[in-house]
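Turn these sequences into a full structure, and let the hints guide you.
2 protein chains.
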Amino acid sequence: MNYSVFRCLTLISLPVFAASPRDEIASFNQKFRDATLQMDNAATMALWAEDGVTLLPGLAPIEGKKTIARWLDGVVAGLAGYRVTTQENDFHDIQISGDWASEWGATHQIVQPPDRKPVIETWGKILLVLHRDADGAWKIREEMWNAGVKPEPGR
Amino acid sequence: MNYSVFRCLTLISLPVFAASPRDEIASFNQKFRDATLQMDNAATMALWAEDGVTLLPGLAPIEGKKTIARWLDGVVAGLAGYRVTTQENDFHDIQISGDWASEWGATHQIVQPPDRKPVIETWGKILLVLHRDADGAWKIREEMWNAGVKPEPGR
Numbered sequence: 002m003n004y005s006v007f008r009c010l011t012l013i014s015l016p017v018f019a020a021s022p023r024d025e026i027a028s029f030n031q032k033f034r035d036a037t038l039q040m041d042n043a044a045t046m047a048l049w050a051e052d053g054v055t056l057l058p059g060l061a062p063i064e065g066k067k068t069i070a071r072w073l074d075g076v077v078a079g080l081a082g083y084r085v086t087t088q089e090n091d092f093h094d095i096q097i098s099g100d101w102a103s104e105w106g107a108t109h110q111i112v113q114p115p116d117r118k119p120v121i122e123t124w125g126k127i128l129l130v131l132h133r134d135a136d137g138a139w140k141i142r143e144e145m146w147n148a149g150v151k152p153e154p155g156r
Numbered sequence: 002m003n004y005s006v007f008r009c010l011t012l013i014s015l016p017v018f019a020a021s022p023r024d025e026i027a028s029f030n031q032k033f034r035d036a037t038l039q040m041d042n043a044a045t046m047a048l049w050a051e052d053g054v055t056l057l058p059g060l061a062p063i064e065g066k067k068t069i070a071r072w073l074d075g076v077v078a079g080l081a082g083y084r085v086t087t088q089e090n091d092f093h094d095i096q097i098s099g100d101w102a103s104e105w106g107a108t109h110q111i112v113q114p115p116d117r118k119p120v121i122e123t124w125g126k127i128l129l130v131l132h133r134d135a136d137g138a139w140k141i142r143e144e145m146w147n148a149g150v151k152p153e154p155g156r
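Protein chains in written order, with this note's numbering: chain A, 2 to 156; chain B, 2 to 156.
Watch out, some of these pointers could steer you wrong.
The list treats identical chains as interchangeable, and a pair is accepted whether it falls inside one copy or across any two copies.
Stated by the list, open to error - Simulated pairs of lysine-lysine, DSS-like, Cα-Cα distance not exceeding 25 Å:
1. LYS151 <-> LYS67
2. LYS140 <-> LYS32
3. LYS140 <-> LYS151
4. LYS66 <-> LYS151
It is worth saying that the hints were derived from the structure and are not from the lab.
The structure is reproduced here in structure tokens:
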């Protein structure tokens, strides 16, 4: 193969290497899951839009990235010795329209408290609205969660 | 004013009468609130997409308009004599991108049980993802709700 043909093939192939919006959301979902699993607040907050809002059960809306970061630091500070051992987010119906996207999912979390206390296992549901920021990255504009039910065996 | 001038003015004015997507969402929100206030299940279900999903606290996801309608009929059948006397949905951050839209809000509901029992007052939060259907109407694709807190006086 001479150089010019190789060059042509490279140019033709280039679009294959550009992530599709769907791939970008899949990558976002992986980061979102990993950040929770590792209780890495900086990594979690890197996924939030400046004007994001989280809507959590029994709380007033927490508005703005800085306010959410402060709240999250407080939560994790109160969980010294706790470890997230399982974090599964099974997202459905990913919809992308321009710079906006949405997806909902079933969540399953297992937390190991310190001193070999019994694990805390939680099933829930999540709904995310994402917005692509000026740098092209998908960020959380709205997050909502509530409790779900333990799936029946075989489902 | 001669006829041709009137005709020109009419043509120029026409776009004013076409609802903007933002007005359409406002109209959707009004219908959504009224249907809940009147406990009118048919009116509520007219606002749902065929493939809509509702994500309610403590329940598995309820998927599909027919399944949601059946569930809602069961809920209302169990509330004979109950009346919704207040339904306030204060929606924020309405975002529209093509045929998709999202909004979150604070909800406040007062329900009067039968036999002059004490009212049930609920503050909550809601997140909606809307999709414009083939007929151009906005329909609920995803709905999620969870409990909030009673606003402090003066807020």
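Status of each hint after checking the structure:
Taking the shortest Cα distances, LYS151 and LYS67 sit within 25 Å of each other only across copies (23 Å), while inside one copy they are farther apart (33 Å). In this assembly of identical chains, the alpha carbons of LYS140 and LYS32 lie at most 25 Å apart only when taken from the same copy (11 Å versus 31 Å across copies). In the homo-oligomer, the alpha carbons of LYS140 and LYS151 never lie at most 25 Å apart, since the shortest distance is 29 Å inside one protomer and 29 Å across protomers. In this assembly of identical chains, LYS66 and LYS151 lie within 25 Å of each other by CA distance solely across copies; the values are 23 Å between and 31 Å within a copy.
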